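Could you put the whole structure together from the sequences, leaning on the hints where they help?
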Amino acid sequence: MKIVRFGVSVPEELLEGFDRIIKERGYVNRSEAIRDLMRDFIVRHEWEVGNAEVAGTITMLYNHDEADVVKELLDLQHEYLEEIISSVHVHMDEHNCLEVVIVRGKAGRIKEIADRLLSLKGVKHGKLVMTGTGKGLV
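Each residue of the sequence shown is one higher than the one before, counting from 242 in our numbering.
Derived from the structure by calculation, the hints contain no laboratory data. In this text the structure is predicted, and so the values were computed from the model without any measurement. Hints are supplied without guarantee of correctness; some may be wrong.
[Unchecked claim] For lysine-lysine, the following BS3-like pairs were computed, each having C-alpha atoms within a straight-line distance of at most 27 Å:
hint, residue 1, residue 2
1, Lys347, Lys376
2, Lys243, Lys376
3, Lys352, Lys312
[What the hints assert, rightly or not] Cβ-Cβ distance ranges computed for the label pairs, FRET-style:
hint, residue 1, residue 2, range
4, Phe282, Asp356, 40 to 50 Å
5, Val379, Gly349, 18 to 28 Å
6, Asp306, Phe247, 55 to 65 Å
Ideal Cβ placement from N, Cα and C applies to all residues, glycine included.
Take a look at the structure:
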């Protein structure tokens with residue numbers, strides 16, 4: 242792979258803050274940190290466009306005693322068989338469950354799934370964590 246060098250002009254305070262954070266995170270140099278930022282920028286763009294194939298996780302914390310939340314979660318997961326690859330269910334205590342749903346598909350469709358799952362009555366907290374499929378990233 243060919244490496245290209247380029248210059249960037251930034252305010253000194255911005256660079257100082259950046260250097261502090263990359264040191265805290267254990268980067269060996271600025272270049273690797275900037276490469277990671279560029280990859281993240283590309284992945285976020287893939288999600289925003291809506292047509293790219295993406296992957297991610299939908300993490301939900303819910304009260305399984307709440308109304309029909311378990312049935313509705315299962316029904317929705319069966320509705321999206323093409324996009325839902327797997328799920329993991331963990332009992333946090335006698336009432337609360339943590340579920341992680343692993344998804345892959347078109348960005349718009351994955352966002353739709355997350356919105357529907359996370360808006361169910363009984364879901365206390367949740368988050369969609371997005372990534373790419375790795376295709377096109379270096």
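Holds or violated: Lys347 and Lys376, Cα atoms, limit 27 Å. Holds. Lys347 to Lys376 sits at ~14 Å (cutoff 27 Å).
Against the 27 Å threshold, does the CA-CA distance of Lys243 and Lys376 hold or violate the hint? Holds - the C-alpha atoms of Lys376 and Lys243 are around 18 Å apart, at most 27 Å.
Is it true that Phe282 and Asp356 lie within 40 to 50 Å of each other by Cβ? violated, 24 Å
Beta-carbon spacing of Asp306 to Phe247 - inside the hinted bounds 55 to 65 Å or not: The hint (55 to 65 Å, Cβ to Cβ) holds, given that Asp306 and Phe247 are roughly 56 Å apart.
Between Val379 and Gly349, does the beta-carbon spacing fit 18 to 28 Å? holds, 26 Å
Is Lys352 close enough to Lys312, meaning Cα to Cα at most 27 Å? Status holds; Cα separation ~21 Å.
Comparing the model with each earlier hint shows a violation of hint 4 alone; every other hint is respected.
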